[in-house]
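Asker: Working from the sequences, and respecting the hints, build out all of it.
First to last, the sequence lines map onto chains Y and C.
Sequence positions in the first sequence follow the numbering used here and run 2 to 567.
Sequence positions in the second sequence follow the numbering used here and run 914 to 1153.
Derived list of chain Y stretches under chain C, where covered just means 3 residues or more per stretch with a C-beta under 8 Å from a C-beta of chain C: (1) 143-151; (2) 335-345; (3) 349-362; (4) 366-372; (5) 454-460.
What the hints contain is simulated information worked out from the structure, not anything from laboratory work.
Just so we're clear, the structure is a prediction, and the values are computed from it rather than from any experiment.
Cβ atoms here follow ideal geometry from the backbone N, Cα and C, with glycine treated the same way.
If you want the building blocks of each chain, they are given just below.
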Amino acid sequence: MATQHVEPAHEHHAHPQESWFRHYMLSTDHKIICFQYMFTGMALAVVAGFFSYVFRMQMAFPGMHVPGWGLVTPNEYNMLITNHGAIMIFWVAMPVLIAAFGNYLIPLMIGADDMVFPKVNRLSYQIFLLSAIVLIASFFTQGGGFGGAWTIYPPLSAKPEYNLTPWGSSLFLVAVALEFIAFLLGGINFITTAMNSRAPGMSYHHIPIVVWMIVIASMLFMASVGPLIAGAIMLVFDQTLHTAFFDPNRGGDPILWQHLFWFFGHPEVYVVLLPALGITAEIITTMSRKKLFAYKTVLNTAIGTGVLSFTVWAHHQFVAGIDPRMANIFTVMTLIISIPIAEMMFVYIATLYGGSITLNTPMLWALSFIFTFLIGGVTGIFLGASGADIYLHDTYFVLAHFHYTFFPIAIIGTFAGVSFWFPKMSGKMMNDTLGKIHFWGTFLGFNGIFIPLFITGMLGDHRRIFDHNFFPELATPTLKGLREFATLSLLFMLAFQPIWFYNVITSLLWGKPAPKNPWNSNTLEWTADSPPPHGNWPTLPIVYRGPYEYSTPNRSEDYWPQNVPS
Amino acid sequence: MMEWIARSLDRFMPPAASSYALDIDFVFNLVFWIVIAFWFVLVQAIFIGLIVRFRKRDGVGAQYITGELKHEHRFIAWPHYVIMICDVILVAAAIRVWYNVKQQLPEPDATVRIIAQQWAWSFVHPGPDGKLDTDDDIKTVDDLHLEVGKTYHYLLESRDVLHSLSIPVFRLKQDAIPGRVVTGWFKPITTGEHDIQCAEICGIGHGLMPARVILETPEQHAAWMAGAGTSPAPGTATGE
Chain Y
2 MATQHVEPAH EHHAHPQESW FRHYMLSTDH KIICFQYMFT GMALAVVAGF
52 FSYVFRMQMA FPGMHVPGWG LVTPNEYNML ITNHGAIMIF WVAMPVLIAA
102 FGNYLIPLMI GADDMVFPKV NRLSYQIFLL SAIVLIASFF TQGGGFGGAW
152 TIYPPLSAKP EYNLTPWGSS LFLVAVALEF IAFLLGGINF ITTAMNSRAP
202 GMSYHHIPIV VWMIVIASML FMASVGPLIA GAIMLVFDQT LHTAFFDPNR
252 GGDPILWQHL FWFFGHPEVY VVLLPALGIT AEIITTMSRK KLFAYKTVLN
302 TAIGTGVLSF TVWAHHQFVA GIDPRMANIF TVMTLIISIP IAEMMFVYIA
352 TLYGGSITLN TPMLWALSFI FTFLIGGVTG IFLGASGADI YLHDTYFVLA
402 HFHYTFFPIA IIGTFAGVSF WFPKMSGKMM NDTLGKIHFW GTFLGFNGIF
452 IPLFITGMLG DHRRIFDHNF FPELATPTLK GLREFATLSL LFMLAFQPIW
502 FYNVITSLLW GKPAPKNPWN SNTLEWTADS PPPHGNWPTL PIVYRGPYEY
552 STPNRSEDYW PQNVPS
Chain C
914 MMEWIARSLD RFMPPAASSY ALDIDFVFNL VFWIVIAFWF VLVQAIFIGL
964 IVRFRKRDGV GAQYITGELK HEHRFIAWPH YVIMICDVIL VAAAIRVWYN
1014 VKQQLPEPDA TVRIIAQQWA WSFVHPGPDG KLDTDDDIKT VDDLHLEVGK
1064 TYHYLLESRD VLHSLSIPVF RLKQDAIPGR VVTGWFKPIT TGEHDIQCAE
1114 ICGIGHGLMP ARVILETPEQ HAAWMAGAGT SPAPGTATGE
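Answerer: Rendered as structure tokens:
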């Protein structure tokens, strides 16, 4: 098979009139917009990772002069934890998992030449970039960045005399609202494109799971974000125009904000979870040469989870002062949502049965996603059970739980997807040995951070307290030792990250050229050139079968691409 | 059995100092044994076992399994029926405890008012007359004095932003909301002196809101009350 046909200059010949700026900054090509989202998201991940290093050092060694930062004051500490959370969720997980992978994969996997609204797509990134700039700018205003937790609960967030960040709190909300507008525009594109631009022959059940997942996630996002955008505007009005939507002294209700926030906030978990699950599905089927076990079940459980995710939000508010009778409904709903998620996990594990598993870098990431997400899932039951949540709410147990969901989603999902599609995106193969070293360092480091934090949470360690020495029962040697172990694990994990950047850069410069289909995968993106030119294919492909026909009986090859006539 | 489950993970929890602390530990431990010790261990073992068993080997191809056939689908259908049964047990346990701690209010022996503000806790104890909002009320900052064996109602208020009253040894947590009075209850069962924390971020002093709950025998409590009448807000009391 001919493999070397990729010349990097190809694209430049196709559009000789385009300047670098026009090509990379103002492009309407869905692949370039993917890279814009991905690089912006990763740059912000570095910022948020640095924040976590600073406050974890403060947690383990209170009052220390943190190298690269200095003394951590209480308001700096609050600002660091708030923006670490907000950045990782809104400016890393969302842009990378939904926007970047959605942009790259949807047209290529459904056999379209681009999104249906390329200019809306470009606008979406530009607004997203603006939102990131507004957020970063807020760190440098008088009083510093907002420090009232990423949940932005009023009255703390509503009045400068409470939060001491007159500019930071407003800019934070403006940034969040802009970011949502960006993803609304992106979501319109994803759904419309996936519904209208599919290749001839691609029925609903021939769509790769990752595309379904991103489309369902976009629908969830669009359906849930309205209340929060409205709420954010009301809160900005409270801050700047002194309205009283959430001000209890003048007839407002601070709990209303919590409902608006979590009505969005819980579906949001699934908004980022589903794309990561989709990426995992593509990798484990390809790398184990297996058909996805029960495709329709996966699809149905994803839709079921999505619908149910709108009915569980108040489990974040069990002890927030809501009517205690309401907690019972949300306990029931929360445990019901465990059923489709568990079923989805079973499907993924069942897919491995009878496979021929290659443990390369993308597969290690995909399998570790299942391993760690299971920990995140089962520890969620403790919190969904209202009786136990009375104690565990707002402890490090909660923190460890959601890091065991969000780390697999945002970090493992991203590394899995990038290492899997890197040959297609760049036209070069990544170094698998360096990839595996980076994987093990990250995976072991991550578990070393958060396993101890489950135990500190059980022992009564509360979140967002910048120095536990003020509490005699939290200053015990056991707890201090656990906190130090977590911080050292973080340093261990961060020390492995330069390997990844080194691997990406050296692979881009000197990597082995990638063939069209390095993993012998079935889906349509592997039939385009690596990297695909603007327009993706000279003639658009036609689809003859589903995406997971691996190891089909009576065929010499163990894969059967979707576009090959039978 | 119930008692064993309630106490099985004791060393990972603070001491249990309220009448319902062991009930909450029971829910926690029940989830632990059903979900972690059984489900999680089983699923991870199968998961890792499959990865090891089906590593790529020369000459052995993968099988073609759609998962749509009935005898294949039962491998995920049956486990998920078992999950449903487990969920029913967990919901029943969780709601039973929740009802006891949060939903019902037993008749109180006394009532205390707890006021949160940036960044301190103040407590209003009933004086010798046993009634709140009379002249002999005892007001303290950062020290909550309670008598073992008495059932208390608390009236939780906030003066500015959201706070959250957390007493880990009681396993109790309740947010304080400005403009509302949240009523709840607790009943201390052992003596001692323990931490009270604020569990809801409330500004730059959030980590600087330590308070203490001092659980006293009736004699100690009476002695404290007698002393407090003359010198308000003592720093610490004898709480062995």
